[in-house]
Amino acid sequence: MPSRTLPWGPCSSPYRVASPPEKAMTAYLIRRLFQMLIVTVLSAMLGYTLLYLAPGGPLLFLQQMQNTGQNRVSEEDIARLKARYELDLYLAVRFTRWLIGFPGGPVRIGGWYLLPPDTVVGCAIPGQVRLRYPDGTVEIREEGCARAVTLADLENRRTSRGILFGDFGFSQQIARDRPVSDLLMSRLPYTLWLMGVSTLLAILIGVPVGIYSAVRQYSRFDYAMTTITFIGSSLPTLFMGVMAILIFSVLAKDAGLPYLPSGGAQAVRDYTIPWIGRVEAGSLLDRFLRFIMPVSVLTFFNIAGWSRFVRASMLEVLRQDYVRTARAKGVREQLVITKHALRNALIPFITLLAGVLPTLVAGAAITESVFNWPGMGRLLVDSLGRSDYTVAMAILFISTVLVLIGYLISDILYTIVDPRIRLS
Amino acid sequence: MATTTSAVPEAAERAQPRSEGQWAVVFRRFRRHRLAMISLAVLAVIFGASLLAPWIAPFPRDDIGLDRVALPPMSVDPENGKLHILGTDHLGRDFFTRVIYAARVSLMVAISVTTLVAIIGTILGLLAGYFGGWTDNLISRVMEFVATIPDLPILLILSAIMIQNADLIVLPAWIIGPVAWIMAVPLREATQVTLLILVLASLGWVGVARLMRGMVLQVREMQYIESARALGGANTWILGKHVFPNAFPPLIVAFTLGLNGALVSEVAISFLGFGVQDPTPTWGNMMGFATSYMFNHPWMPLIPGLPIFLCSLAFNFVGDGLRDALDPRLKI
Chain A
4 MPSRTLPWGP CSSPYRVASP PEKAMTAYLI RRLFQMLIVT VLSAMLGYTL
54 LYLAPGGPLL FLQQMQNTGQ NRVSEEDIAR LKARYELDLY LAVRFTRWLI
104 GFPGGPVRIG GWYLLPPDTV VGCAIPGQVR LRYPDGTVEI REEGCARAVT
154 LADLENRRTS RGILFGDFGF SQQIARDRPV SDLLMSRLPY TLWLMGVSTL
204 LAILIGVPVG IYSAVRQYSR FDYAMTTITF IGSSLPTLFM GVMAILIFSV
254 LAKDAGLPYL PSGGAQAVRD YTIPWIGRVE AGSLLDRFLR FIMPVSVLTF
304 FNIAGWSRFV RASMLEVLRQ DYVRTARAKG VREQLVITKH ALRNALIPFI
354 TLLAGVLPTL VAGAAITESV FNWPGMGRLL VDSLGRSDYT VAMAILFIST
404 VLVLIGYLIS DILYTIVDPR IRLS
Chain B
14 MATTTSAVPE AAERAQPRSE GQWAVVFRRF RRHRLAMISL AVLAVIFGAS
64 LLAPWIAPFP RDDIGLDRVA LPPMSVDPEN GKLHILGTDH LGRDFFTRVI
114 YAARVSLMVA ISVTTLVAII GTILGLLAGY FGGWTDNLIS RVMEFVATIP
164 DLPILLILSA IMIQNADLIV LPAWIIGPVA WIMAVPLREA TQVTLLILVL
214 ASLGWVGVAR LMRGMVLQVR EMQYIESARA LGGANTWILG KHVFPNAFPP
264 LIVAFTLGLN GALVSEVAIS FLGFGVQDPT PTWGNMMGFA TSYMFNHPWM
314 PLIPGLPIFL CSLAFNFVGD GLRDALDPRL KI
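Chain order of the listed sequences is A and B. Each number in the working numbering comes from the position in the first sequence (counting from 1) with 3 added on. Each number in the working numbering comes from the position in the second sequence (counting from 1) with 13 added on.
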């Protein structure tokens, strides 16, 4: 039997090497976890490279002040700030400190120093060389190092536990010096609600629609549904979101009809909606009213994917021999569809669920921005807008790890659910 | 428009199936897809308007006038009595002028990105599929890695970093010049557009490369490839003359749908403020400004919104029509 792969699903894992026989499951898992670790470190490196290359960090302001010459900023000030953001360390050292929190100081094993305290790991104040050209011009160039940073200096600094162990460092702009993880945790519930509810709704609506479309292929219902889902998936969520606000907030309000408030997860002050009455800011009703539009837009967008997927999968199964056999035996059509066809058609569906996982974090950045929804996607956009790259990198890193976990879960589920899959 | 074919020519076609070439068949089948043909017409109009933008624009592109801010559509300019067909924006600039210039930028960005993606993806996919071995291994590993990184966050991060430092990045004149000319923007505005194109293309090629690799893996096993090799053909000749043309059809569909993807990405990125910046109009940044003024001027988001809507839908319909037309299993 050939291994079945899903070329279309959002979760067709490129890492699916070959599905394992039951006995080799442990070995397979170990290999996969090792692979995941490598990819995680690689993506962390990529993120860190971007972080390092990205200007606009905390020093930009200081440098601008120094360049304009209005305020005298001493080299000591810069060195202190650099030390605070670890910008005085060599890239490799910074990276390992960021990744796994190593080295936190001199490394000793027993009484012996593996890395002695005077090992140079960075440069606090760069040396300056005055170059005098033959034509009389003078240029000051940074060269060498006036004061080096050693491992002994690192002992007094606060050391991250490492991003691999869940320490994402400190926010630089959005919430100065608060841990990034605090910031993420404050936004996570909003995104989970939004994505969770809209995914659930999309599945609850999309799957039955897909099944019915497949069973009644080329019927009027099928045509209508394929057209609607086609349009739903073609329209950018940006456009749908703005139009929803335009119709249900702006125009409805102007016409004196009951309208849906837009922007944010809750109101700042109380407001009145015709026919419904006074809505208290932050009440359940207020939150619910503000929840409706973003959820509907995301649901409408996602229904298309699910229903098309189920329809295609169902059509494929309905063509199989065992369905024909069941019909030939005289099994009732309803039973053929629910017992023979549907159960097999839903096999690939399970793996698709794992593909939802990474979208839970930053999958709705645009919808969240349009509706000003205080979730993770919006946080990503905000952090980029204000050059707070630590936050952005944390979000990128978490979603990459979630993608990998999603792949792994889907591959494992696949082998469990579909016993036909086995290959060396 | 879609022609209704009666039973008689159908029978005639069946009698002599080899009388028309492959592409004639495809075109005939495509014409039958009514929505795709309408979409093509819509695209042609928008595209034509964008190409003619410098000539049909009634006002200068960046002509700010604080005495005519946010005029509704079809209002008369208070100064010179000319008509603002679509009104003016929050700075009093003529919306019609800006929307066709924006079409130029948005569509050309989409086309350049998709072309770049198609070229890079095709070359890498062909190489990986045809040669196999370590070439395939290397390319496939890179593809896996790029595919693992979630596209939206990395796209936003990359473009934010690039655009916020656009003036630090010096691009050679032979890139900037043509881009500025194609987009009909001044030379100094071309850098950010180019950067955006590069960012979008650098992440988009994986899909095409995978597609091509898969197609080549199928085609490679065909007998005509074997005979071409038996004839002593060079690899480049086999690849160019035999493998590529046979692996080509799905690429057309991917290209059309890719146009939509690139357009929507550009719009989204510019909307969020990490793409092309204000004096240069694109549908995305126009949408961004329009949404912040829509509570007082509700027509504003429709002006850049409708072209986005139409193009997006049209690209999808054309892609759909092409897929139906190219699918050999549906051959009548």
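Heads up, a few of these hints could be off.
[Unchecked claim] Sample of chain A residues with no beta-carbon within 10 Å of chain B, all distances over it, derived:
{"#": "1", "residue": "R87"}
{"#": "2", "residue": "D273"}
{"#": "3", "residue": "G388"}
[Unchecked claim] Simulated coverage check for chain B against chain A, where a stretch passes if three residues somewhere in it have a Cβ under 8 Å from a Cβ of chain A:
{"#": "4", "stretch": "130-140"}
{"#": "5", "stretch": "165-177"}
{"#": "6", "stretch": "283-293"}
[Claimed, not checked] To be clear about the criterion: a stretch of chain A counts as covered by chain B if any three or more of its residues have a C-beta under 8 Å from a C-beta of chain B, and this derived list gives those stretches:
{"#": "7", "stretch": "238-247"}
{"#": "8", "stretch": "372-385"}
{"#": "9", "stretch": "390-400"}
FYI, nobody ran anything at the bench for these hints, they're computed from the structure. Here a beta-carbon is modelled for each residue, glycine too, at the ideal position from N, C-alpha and C.
For each hint, the structure was consulted:
At roughly 22 Å, the least C-beta separation between R87(A) and chain B is larger than 10 Å, which holds for a residue marked as non-interface. For D273(A), the non-interface assignment is confirmed: its Cβ lies about 19 Å from the closest Cβ of chain B, beyond the 10 Å cut-off. Not every beta carbon of chain B lies more than 10 Å from that of G388(A), the smallest distance being close to 6 Å; the non-interface claim is violated. Residues of the stretch 130-140 of chain B lying with their CB closer than 8 Å to a CB of chain A number 0, which falls below the three-residue condition for coverage.
Here's how the stretch 165-177 of chain B fares: 9 of its residues keep a CB closer than 8 Å to some CB of chain A, so the rule of at least three is met and the hint holds. With a threshold of 8 Å between beta carbons, the proposed coverage of the stretch 283-293 of chain B by chain A holds, since 4 of its residues qualify and at least three are required. Coverage of a stretch by a chain is defined here by at least three residues with a beta carbon nearer than 8 Å to that chain's beta carbons; for the stretch 238-247 of chain A and chain B the count is 6, and the condition holds. Three residues within the 8 Å Cβ limit are the bar, and the stretch 372-385 of chain A against chain B gives 5, so the coverage statement holds.
Coverage of the stretch 390-400 of chain A by chain B holds. Counting CB-CB distances below 8 Å, 6 residues qualify, and the rule asks for three or more.
Violated hints, listed in ascending order, are 3, 4; each of the other numbered hints is respected by the structure.
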